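Protein chains in written order, with our numbering: chain Y, 11 to 357; chain U, 10 to 309.
Don't read these hints as lab results, they were simulated from the structure.
Quick caveat: nothing in here was measured; it's all calculated off a predicted structure.
Watch out, some of these pointers could steer you wrong.
[Claimed, not checked] Once the Cα atoms are required to be at most 20 Å apart in a straight line, the calculated DMTMM-like pairs of lysine to aspartate or glutamate come out as: (1) Y:K146 <-> U:D283; (2) U:K126 <-> Y:D175; (3) U:K252 <-> Y:E228; (4) Y:K278 <-> U:D133; (5) Y:K146 <-> U:D309; (6) Y:K194 <-> Y:D176; (7) U:K126 <-> Y:E228; (8) Y:K195 <-> Y:E178; (9) Y:K317 <-> Y:D150; (10) Y:K248 <-> Y:D150; (11) U:K97 <-> Y:D17; (12) Y:K278 <-> Y:E178; (13) U:K201 <-> U:E41; (14) Y:K194 <-> Y:E178.
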Amino acid sequence: MKVNRSDWFVTASALLITLGAAFAVMLVMIFIMSETPGETIYYFFAGPLTNKYYLGNMFNSAIPLILTGLGIAFAFRSSMFNLGGEGQVYAGGLAATAVALPLPAAGAFFGITISLLAAVVTGAVIAGLSGFFKMKWRTDELISSFLISNALIYIVDNFITGPLDDPENNLLVTSKIAEQYWFKKIFLPSNLDISIFFIAIIAVLAFYYLFKTHQGYEMRMCGLNPEFARYGGINVGKYMILPMLWSGAFHGLAGAVAVFGTSHACYKGFSGGMGWNGIAVALIARNNPIAVIPAALFFAYLEAGAKSAMINADVTIEIASIVQSVVFFLITAQAIYNFVKFRRKAV
Amino acid sequence: MSNGEFSIPLIHNSISIMTPFLLAAIGGLMTELGGMLNIALEGLILIGAFFSVIFAAATGSLFLGILLGILMTIFISWIFGAITLYLKANVFITGLATNLLAGGLTAVLSFHLFGTKGVLMFNDLPSLPSLNVPALHGIPVLGDILFGHNILVYMSWLIVVVAWIVIYRTPFGFRLRGTGSNPNAMSALGLKPQNYQMIGILISGFTCGLAGAVLTLNLGAYVPNISSGRGWIALVVIYLGGKTPFGILGAAFVFGLAESLSNYAQGFMDIPADFILAFPYIITVAAMVIMSVIQTRRED
Chain Y
11 MKVNRSDWFV
21 TASALLITLG
31 AAFAVMLVMI
41 FIMSETPGET
51 IYYFFAGPLT
61 NKYYLGNMFN
71 SAIPLILTGL
81 GIAFAFRSSM
91 FNLGGEGQVY
101 AGGLAATAVA
111 LPLPAAGAFF
121 GITISLLAAV
131 VTGAVIAGLS
141 GFFKMKWRTD
151 ELISSFLISN
161 ALIYIVDNFI
171 TGPLDDPENN
181 LLVTSKIAEQ
191 YWFKKIFLPS
201 NLDISIFFIA
211 IIAVLAFYYL
221 FKTHQGYEMR
231 MCGLNPEFAR
241 YGGINVGKYM
251 ILPMLWSGAF
261 HGLAGAVAVF
271 GTSHACYKGF
281 SGGMGWNGIA
291 VALIARNNPI
301 AVIPAALFFA
311 YLEAGAKSAM
321 INADVTIEIA
331 SIVQSVVFFL
341 ITAQAIYNFV
351 KFRRKAV
Chain U
10 MSNGEFSIPL
20 IHNSISIMTP
30 FLLAAIGGLM
40 TELGGMLNIA
50 LEGLILIGAF
60 FSVIFAAATG
70 SLFLGILLGI
80 LMTIFISWIF
90 GAITLYLKAN
100 VFITGLATNL
110 LAGGLTAVLS
120 FHLFGTKGVL
130 MFNDLPSLPS
140 LNVPALHGIP
150 VLGDILFGHN
160 ILVYMSWLIV
170 VVAWIVIYRT
180 PFGFRLRGTG
190 SNPNAMSALG
200 LKPQNYQMIG
210 ILISGFTCGL
220 AGAVLTLNLG
230 AYVPNISSGR
240 GWIALVVIYL
250 GGKTPFGILG
260 AAFVFGLAES
270 LSNYAQGFMD
280 IPADFILAFP
290 YIITVAAMVI
300 MSVIQTRRED
């Protein structure tokens with residue numbers, strides 16, 4: 011895909027305006043809410059970068075966001091909405107844990123492979139269901155994926171606090187998976203683990219699939235103009251299910267990676283926010299799988315900053331949600347792009 | 010227990026439970042008719058719930074609480090509408106933004122004002138007055154079912170009737186529906202489709218604000234995320250009600266009944282609480298899929 015240089019400039023400037031507005035809103039919020047705004051701002055911006063622990067954890071929390079961002083990008087590229095990311099991540103994490111728990115004696119490679127596979131299949135089936143309903147009966151996938159995901163969140167909760175609950179632990183958590191399955195840490199003392207390299211490779215492969223293969227081309231064509239795609243002989247129905255399967259698979263994997271790399275068990279609500287943030291990541295990346303990596307890092311930075319400001323200063327972490335909502339509000343605003351374009355022409 | 014003793018309180022209960030669904034769905038209908046699926050309903054209900062109860066507690070007046078809560082919700086819906094329509098942003102993404110903003114804003118303000126992100130109890134808040142007409146209460150069955158609800162329940166019925174009149178009997182209603190079915194024709198007539206859609210969105214802000222007020226003022230407390238999916242279920246209620254106000258009234262009642270039944274079932278049977286919480290979503294998906302199956306069959 012050739013990108014016009016000036017198009018690229020317009021996109022980047024519009025993105026800067028959006029992110030600038032988001033940070034401006036955050037600064038205003040901090041000045042209203044905080045007794046010590048200077049300190050809070052320092053902890054928000056510099057906090058995640060001040061030591062190895064924070065820095066590593068920031069990169070670590072970008073890992074599942076890259077995957078959920080890829081999942082959403084695949085769906086968006088095909089004009090499908092997957093709003094069920096939250097439930098798919100959660101169920102994926104649970105499926106991987108449930109497979110790994112009875113397998114403590116298996117070899118690490120075998121055990122990890124089939125656990126991750128279970129997560130991928132679980133996520134794919136859940137999201138694929140919405141794609142299937144859409145193809146078969148034109149059921150709105152946006153609403154159905156959200157509702158299915160929300161029902162699942164409660165059902166996963168029930169497994170975590172019920173059948174799989176760790177009897178020796180009072181917290182709402184499953185037993186820990188066997189130690190040989192834990193992903194290797196690469197940046198102690200932080201939680202950053204080796205999977206970040208694999209995930210980066212997956213993002214590159216996703217780019218290749220979407221932009222360099224026949225199937226990827228057909229998928230994008232259905233997203234750009236389904237009528238035209240149908241006229242061109244593409245099986246449009248197939249591309250209602252396939253992108254949802256991919257999308258769910260990425261989400262399921264995100265849940266498994268978060269468990270195997272970081273928590274080593276399913277906590278109640280461990281994946282909260284990963285699905286929604288994936289949507290923001292995909293939008294900032296303009297659904298480009300490679301650009302998903304920096305976009306996920308940006309979001310991880312935002313979350314880490316809010317966490318640092320909450321621990322060290324006097325604001326609550328939800329301030330990040332407000333900043334995120336500003337990004338959501340403005341990221342698709344056509345008027346901002348037109349404004350930049352117009353200004354550029356005028357110069 | 011005789012049959013009547015069981016079913017009368019059940020239906021009475023269903024009517025209170027359905028009220029927030031009904032209100033949110035009527036507001037959502039206005040944007041739906043204007044050609045926009047409004048997924049911001051969920052967040053708007055939450056905004057209404059939070060602000061109506063804290064304003065009621067601050068002013069000591071239920072009326073002022075509801076009024077200010079609704080105004081705040083209309084303001085948020087205006088932001089949603091202005092960015093969507095005038096900055097030309099994707100309505101689904103701005104809808105998500107509204108939901109995210111609602112969750113964040115309520116938590117941040119709750120923490121800033123009350124020092125907690127948990128449940129806010131307002132014990133000295135007066136409870137919502139309920140309508141009791143002793144003379145009519147004597148009517149067997151119907152009297153017991155229709156009276157004794159709080160006034161917001163009756164207001165929601167009034168809103169259904171007003172919505173019907175507005176949609177089918179006023180120039181605004183014709184133009185709103187025109188916007189949804191053929192925005193280009195509207196433009197050709199010299200009317201701005203965005204303005205009608207904006208009014209639709211503001212109406213949804215009004216009804217969702219009231220829906221939120223019903224939730225918290227009934228309880229005298231604010232519970233984080235008290236909207237708990239009602240805005241999403243309301244979207245499905247709009248479809249199931251065939252996109253007409255009275256259809257929505259019927260569909261909302263079915264949902265109220267289902268939820269009220271599942272509450273009763275919890276009392277009788279040993280069903281885990283998580284499954285009870287999942288139940289409304291499951292029946293909503295099921296209803297939605299069945300509806301689309303029927304519709305596709307009819308069209309083919």
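The hints, checked one at a time:
1. Y:K146 <-> U:D283: Given that 20 Å is the threshold and the Cα spacing comes to 30 Å, the pair is violated.
2. U:K126 <-> Y:D175: It is violated: about 27 Å lies between the C-alpha atoms, which goes past 20 Å.
3. U:K252 <-> Y:E228: Distance of about 35 Å is beyond 20 Å: violated.
4. Y:K278 <-> U:D133: With a Cα-Cα distance of about 35 Å, the restraint between Y:K278 and U:D133 is violated, given a limit of 20 Å.
5. Y:K146 <-> U:D309: Holds - the C-alpha atoms of U:D309 and Y:K146 are around 12 Å apart, at most 20 Å.
6. Y:K194 <-> Y:D176: Not satisfied, since the Cα-Cα distance of roughly 24 Å exceeds 20 Å.
7. U:K126 <-> Y:E228: Violated, at about 47 Å.
8. Y:K195 <-> Y:E178: violated, 26 Å
9. Y:K317 <-> Y:D150: violated, 36 Å
10. Y:K248 <-> Y:D150: holds, 16 Å
11. U:K97 <-> Y:D17: holds, 19 Å
12. Y:K278 <-> Y:E178: holds, 16 Å
13. U:K201 <-> U:E41: The hint holds at about 17 Å.
14. Y:K194 <-> Y:E178: This hinted pair is violated, its Cα atoms lying about 26 Å apart.
The structure shown violates the earlier hints numbered 1, 2, 3, 4, 6, 7, 8, 9 and 14.
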